[in-house]
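**Q** With these hints in hand, go ahead and build the complete structure from the sequences.
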Amino acid sequence: MVIFQFISVVLKELRRHRTRSALTISGVALSVCVLVSLLGLGTGYRTSLIHSIDRLGYHVLVTSKGCPYEAATLLMQGGVIPMYMDEAIHREILRDADVATTTRLFLGSLPVHREGFSLVTGIEDSFLKMKPWLTFQRGEWFGEGATDEVILGYSVAAYYRKNIGDDFPLKGMGQTFRVRGVFDRSGTQDDGTIFVPLGVAQRLFDKKEKLTGIGVKLKDLSRIDEFSERVFEIPSVQVITMAQVQRTLLDLLGTARFFIGTVAIVAVAIAVLGVMNTMLIAVFERTREIGVMRAIGASRGDVFALICAEALTICTIGGIAGGGIAILGSRMASEAVRAILPFAPPGVLVQIDGVLLIGGIAMAVGMGILAGIIPGWRASRLHPIAWMR
Amino acid sequence: MAAIFAQGLTRIYRRSAEEIAALFGVDLIVEPGEFVAITGASGAGKTTLLNLLGCLDRPTSGLLKLLGRDVSTLRGKDLETMRRQYVGFVFQDYCLVPTLTVEENVTLPLLFSRALHQRDRVRDLLARVDLQHRSDHLPRELSGGEQQRVAIARALVNNPEILLADEPTGNLDSKRGNEIVALLRDMNHTEGVTIVLSTHNLDLANRADRQIKLVDGRVV
Ligand SMILES: Nc1ncnc2c1ncn2[C@@H]1O[C@H](COP(=O)(O)OP(=O)(O)OP(=O)(O)O)[C@@H](O)[C@H]1O
Ligand SMILES: [Mg+2]
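Going down the list, the protein sequences come from chains A and B.
Heads up: the first sequence is residues 277 to 665, going by our numbering.
Heads up: the second sequence is residues 626 to 845, going by our numbering.
Don't take every hint at face value.
[As the list claims (entries may be wrong)] Below, in silico cross-link-like pairs of lysine to aspartate or glutamate (DMTMM-like), each with a Cα-Cα straight-line distance of 20 Å or less:
no.: 1; chain 1: A; residue 1: K447; chain 2: A; residue 2: D424
no.: 2; chain 1: A; residue 1: K493; chain 2: A; residue 2: E400
no.: 3; chain 1: A; residue 1: K288; chain 2: B; residue 2: E728
no.: 4; chain 1: A; residue 1: K493; chain 2: A; residue 2: E611
no.: 5; chain 1: A; residue 1: K288; chain 2: B; residue 2: E786
no.: 6; chain 1: A; residue 1: K288; chain 2: B; residue 2: D652
no.: 7; chain 1: A; residue 1: K486; chain 2: A; residue 2: D330
no.: 8; chain 1: B; residue 1: K690; chain 2: B; residue 2: D761
no.: 9; chain 1: A; residue 1: K495; chain 2: A; residue 2: E368
no.: 10; chain 1: B; residue 1: K838; chain 2: B; residue 2: D652
no.: 11; chain 1: A; residue 1: K288; chain 2: B; residue 2: D761
no.: 12; chain 1: A; residue 1: K447; chain 2: A; residue 2: E416
Since the hints were derived computationally from the structure, they do not count as laboratory data.
**A** Below is the structure:
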């Protein structure tokens with residue numbers, strides 16, 4: 277086939293200037309990698325987020341009034357929000373006709389030591405009812421009236437290599453705890469949390485009769501608006517619904533994606549210009565060769581096709597390389613994103629599937645055509661004997 | 626019907642205000658199968674004439690017919706077709722594509738005329754120029770004379786009626802130059818291709834059927 281012959285001519289041409297070809301291809305690879313990772317971030321983040329929210333177990337979280345981003349963060353991963361509400365509010369909510377179950381939460385943060393885990397959550401029995409999937413890998417629930425027991429999330433136990441009955445010092449709390457149980461992996465923030473009984477948490481942080489949040493499960497999810505409105509009447513309290521959290525966090529993601537997207541578009545534009553520049557130089561250098569080809573029978577179209585095919589080849593190789601790098605680097609990219617975004621759900625945030633990969637390569641092919649048109653046109657306009665003097 | 630028929634062929638180069646008549650009122654008839662040498666001092670217009678005959682350039686005025694077809698008024702695509710089908714071109718400095726092997730260089734015109742099924746012709750011609758054992762070599766691995774033989778094979782692969790060679794021996798010593806002319810002579814006999822070459826070298830020119838001398842763009 278003629279096209280393969282063209283490509284074979286092109287590949288030999290690319291091998292002639294190895295460094296230049298490699299650099300140009302790297303530029304394309306980089307831009308495609310950024311682009312594919314960015315799109316992969318959208319899907320991955322959304323999937324992880326929805327999974328995490330499903331796994332929260334409650335339909336709404338009642339907290340004291342504050343910034344919605346903070347509230348979202350508090351809900352998803354805890355955080356140091358020094359705002360507390362009275363236990364009285366819990367009793368009021370319990371009386372509400374739409375409420376099925378509630379669980380009181382006290383979230384506190386220890387002074388960070390090493391890279392370890394600092395999130396301490398005070399919970400009560402109903403916590404497990406809200407999260408039926410949260411099972412014990414080892415050990416069991418707090419003993420009756422115990423004040424020195426902790427239950428560890430999966431990752432915490434793994435990190436500190438703690439077993440049932442081991443001592444577990446909580447830094448700065450002046451008291452040593454004993455490990456009573458370890459939860460199974462849940463794929464949520466619970467894995468990285470140290471749990472203590474609610475009363476113990478309140479005492480540790482010196483906030484008797486105070487709560488940071490109340491998780492609420494409704495009898496009927498469709499009554500969520502009515503319920504929210506009633507809670508709204510209670511002073512200094514806000515209701516965070518799962519839909520809100522999702523929207524807030526996706527908004528946040530949207531902003532981040534907008535900025536990364538701008539960078540990606542600039543990267544793509546620079547890559548296209550880079551390929552175009554390389555090809556223009558190549559055309560200039562090959563004035564004679566192109567003239568000779570015209571003399572031995574190449575049509576304008578042939579010359580255009582040869583130059584365009586070269587740009588296309590550069591971009592396609594770059595696209596495949598960039599897609600590959602994006603897949604290999606998706607874990608690292610996930611960690612990078614986690615460092616940038618104030619809240620990121622657990623799991624791989626950058627997910628690149630086949631469709632996305634093919635899309636990225638198609639994009640690169642498009643870049644190749646775009647970058648090839650002007651140099652190809654220039655080459656095809658060269659007079660067959662222009663090189664002679 | 627003449628292979629080449631030119632009447633009052635003129636090529637004037639315009640450079641800003643200046644006009645250079647590189648070729649002026651050239652009349653020329655070359656019969657099919659003829660082997661013609663164009664001689665003349667440097668700047669006499671040899672290259673200019675061959676470029677016109679090879680449809681690489683267009684005359685400013687005058688009539689030019691190749692194989693009975695008026696090409697003096699042709700443009701773009703039609704000139705491309707003429708070049709592809711009827712004319713082969715050999716340059717002084719060989720002008721092989723440096724990234725392609727000998728065989729690929731000779732195949733290139735077949736690619737451009739979408740006639741890759743005629744690959745046998747490549748083998749055949751490489752044997753004729755005695756380079757079949759160098760098929761996979763790159764041009765830079767060949768001597769000047771060998772490269773020029775590849776260029777001749779390349780010019781003939783599409784079975785052109787007319788072969789134009791602009792100082793094909795200009796870069797070669799007299800022994801290699803003689804070999805090239807002998808090869809062209811051979812092709813002229815066996816393939817029946819009409820050959821017009823230009824040269825400074827009168828010894829070589831003497832081996833042509835006929836000589837045409839150019840002086841300052843005119844035939845004398
Ligand atoms: N593109 C051009 N622009 C301006 N003048 C030109 C151009 N091409 C050729 N000429 C002039 O036309 C004249 C004939 O040039 P040409 O190259 O045809 O000579 P030649 O016989 O091939 O010379 P040589 O033996 O040195 O190759 C010269 O005076 C040259 O300077
Ligand atoms: Mg010349």
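**Q** The structure should be examined with respect to each hint, and the outcome stated for every one.
**A** Going down the list of hints, with the structure as the test:
1. A:K447 x A:D424: Between A:K447 and A:D424 the Cα gap is close to 14 Å, so the pair holds against 20 Å.
2. A:K493 x A:E400: Given that 20 Å is the threshold and the Cα spacing comes to 15 Å, the pair holds.
3. A:K288 x B:E728: This hinted pair holds, its Cα atoms lying about 14 Å apart.
4. A:K493 x A:E611: Answer violated: A:K493 to A:E611 is near 33 Å, above 20 Å.
5. A:K288 x B:E786: violated, 32 Å
6. A:K288 x B:D652: Roughly 44 Å between the alpha carbons, so the hint for A:K288 and B:D652 is violated.
7. A:K486 x A:D330: It is violated: about 27 Å lies between the C-alpha atoms, which goes past 20 Å.
8. B:K690 x B:D761: violated, 39 Å
9. A:K495 x A:E368: Satisfied, since the Cα-Cα distance of roughly 17 Å is no more than 20 Å.
10. B:K838 x B:D652: holds, 12 Å
11. A:K288 x B:D761: Holds, at roughly 14 Å.
12. A:K447 x A:E416: violated, 23 Å
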